[in-house]
Amino acid sequence: MDAVGERRVSYDARGLAEPHAEAPRIAEIDGDRAVFDAKELTTRQINLELRWLLYEQGVKDVTVLNPGAKHSIGVGILTRCKITYAGSLGYFGCGLIDGPEVHITGRVGWSSCENMMSGVVVIDGNAGSLTGAAIRGGDLVVRGRVGARTGIDQKGGTIIVGGSAGSMTGFMMQRGRQILCGDVGPGLGDSMYDGKIYVAGKVKSLGIDCVPGEWTDADTELIERKFRIYELGSPPEFQKFVCGKVLYNYDNLEPSERKLVIH
Amino acid sequence: MCGIAGIIYRDGEHDIGVDMTRMLQSMKHRGPDSTGYALYRPPDDHIVMRYKLADANDARDYEFSERLERNRREVEARLVALGAEIEEVDSDTEYAFRVKFRYAGDLKTIADYIEDVPGSEVLSLGYSLEIVKDLGDADSVSDQYHLSKIRGTHAIGHVRMATESDVDISGAHPYWAYPFSDVAVVHNGQLTNYFQWKRRLERNGHRFQSECDSEIIAVYIAEKMSEGMSLEEAMNLSLDELDGVFTYICVTADALGVAKDEMAAKPLVLYEADDMVALASEEIAIRAIIDHEIDTYDPYEREVLVWTR
Chain A
1 MDAVGERRVS YDARGLAEPH AEAPRIAEID GDRAVFDAKE LTTRQINLEL
51 RWLLYEQGVK DVTVLNPGAK HSIGVGILTR CKITYAGSLG YFGCGLIDGP
101 EVHITGRVGW SSCENMMSGV VVIDGNAGSL TGAAIRGGDL VVRGRVGART
151 GIDQKGGTII VGGSAGSMTG FMMQRGRQIL CGDVGPGLGD SMYDGKIYVA
201 GKVKSLGIDC VPGEWTDADT ELIERKFRIY ELGSPPEFQK FVCGKVLYNY
251 DNLEPSERKL VIH
Chain B
1 MCGIAGIIYR DGEHDIGVDM TRMLQSMKHR GPDSTGYALY RPPDDHIVMR
51 YKLADANDAR DYEFSERLER NRREVEARLV ALGAEIEEVD SDTEYAFRVK
101 FRYAGDLKTI ADYIEDVPGS EVLSLGYSLE IVKDLGDADS VSDQYHLSKI
151 RGTHAIGHVR MATESDVDIS GAHPYWAYPF SDVAVVHNGQ LTNYFQWKRR
201 LERNGHRFQS ECDSEIIAVY IAEKMSEGMS LEEAMNLSLD ELDGVFTYIC
251 VTADALGVAK DEMAAKPLVL YEADDMVALA SEEIAIRAII DHEIDTYDPY
301 EREVLVWTR
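Quick note, the sequences are listed as chains A and B, same order.
The numbers in my numbering rise by one with no breaks, and the one at position 23 of the first sequence is 23.
The numbers in my numbering rise by one with no breaks, and the one at position 179 of the second sequence is 179.
Treat the hints with care, as some may be off.
[As the list claims (entries may be wrong)] When the alpha-carbon atoms are kept at most 30 Å apart in a straight line, the in silico BS3-like pairs for lysine-lysine are as follows:
| # | chain 1 | residue 1 | chain 2 | residue 2 |
| --- | --- | --- | --- | --- |
| 1 | B | Lys108 | B | Lys224 |
| 2 | A | Lys202 | A | Lys240 |
| 3 | A | Lys39 | B | Lys28 |
| 4 | B | Lys149 | A | Lys39 |
| 5 | A | Lys155 | A | Lys60 |
| 6 | A | Lys245 | A | Lys202 |
No wet-lab data here; the hints were simulated from the structure.
Note that the structure is predicted; figures quoted are calculated from it, not measured.
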């Protein structure tokens, strides 16, 4: 018998949906800590196990062994907790999270931490493209290098990259900060609306309407604080880039205000 | 979407049929329509031709089997007429065949004469290369064509989600670079100046068997190489001359190269070890053949990387 409102999948050409998956309940729970091996589990089973531990068993610290670069792991976790992935995640890892403190010891694929609301994600390895797309809060730290379009549409939070970054980094960024310790590809900050990008390495080229910004004490404080928290050593010298606002050619008035001006 | 994969061993022959099947099966979600393989055995002085006379989903009319049999005999008769000494003829399906023969002449002559037989398409022709492609996922194509027994040095593969042309064998990757021996390409993306290049290459005498944009990459690269460029030079030139979004893998008898467009719009994950290089659209495919913890990375925009076996 299906739960109320649950739709039964009757045809699945790709064999990907797992409509009848259940939490395997294999984790070893020790107080508020738990650990389980994901090697033989499917994506849905891993996520159900995580939810079972965090929401039903009162576990606050989970370690997932052998995630094996599977996609869509640990998405939509909305509680304060600690999660460690001992290995690599595939695409869309840790997306839509609000609260968790995540540590990934391997690398991640495309679109990790998409739309993260708050919390901390630390990735020891490299990350693919679209890392931290549209994040709204929290800290995302990649110790290795990242692909293209890091922090596209970023609306808040801080992205820190230890290695180099690809093309169109900070594309259409609206708010928040990016601290990039390595070299950066072409089109940095293209069409950004606001926010700050700090780069320690070489910038191949700036995107449209991205310009060097004026350094303030607040910038020094921010970078020193983040380097201290994530134990990144002593900070190198950074250049700051901001929006030049020459593309701000729409008027700032609401439609109702515009009427008042015209008449 | 599509998924592409490549593997090249630097220490001799391996079970590339098994490896490529594992890689492609793990990326089935990227393209369930059809699966294709380009497998490279160590070359010898025989030419191997893979060709098909029909598709798995063709309508079976009254005369279907008789027509296939008649056309198959016609293909073999034409090979003999061109002076080829046929050594082996295999068929894993009723519509796709493999012929091994000795031949000293021009490959274009063979390809054109064989493709003149109704319904026939030469999938690959070379001393080392064999292209196998059909509808279905990697496991079913591998079972159907008995790929698990194929050993070799390098291979590429493709799982296809059709966006630009039909679901049939002609639209499936990899593409052989007609009429150049042992060159094949798999591609993830779309080319926007496809018709310009198709017309230019057709004016130079090349034929295109499909309506698929990816086919031009193979012929484009092979033509540049026949003009004296190295694989790497030809691939670097393609970054300026081909428009669109792409990550493609091009293979020759002894090298494997990958190129990414200037937007880095399509994914590729790379794993390099001393004895082998594996690359795929997703890391999950590389992990399907390597059981220990590995470190991988994404190449950047406008990167061209070439490895030799």
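Evaluated hints:
{"no.": "1", "hint": "Lys108(B) x Lys224(B)", "in the structure": "holds (17 Å)"}
{"no.": "2", "hint": "Lys202(A) x Lys240(A)", "in the structure": "holds (12 Å)"}
{"no.": "3", "hint": "Lys39(A) x Lys28(B)", "in the structure": "holds (19 Å)"}
{"no.": "4", "hint": "Lys149(B) x Lys39(A)", "in the structure": "holds (28 Å)"}
{"no.": "5", "hint": "Lys155(A) x Lys60(A)", "in the structure": "holds (28 Å)"}
{"no.": "6", "hint": "Lys245(A) x Lys202(A)", "in the structure": "holds (23 Å)"}
No hint from the list above goes unmet by this structure.
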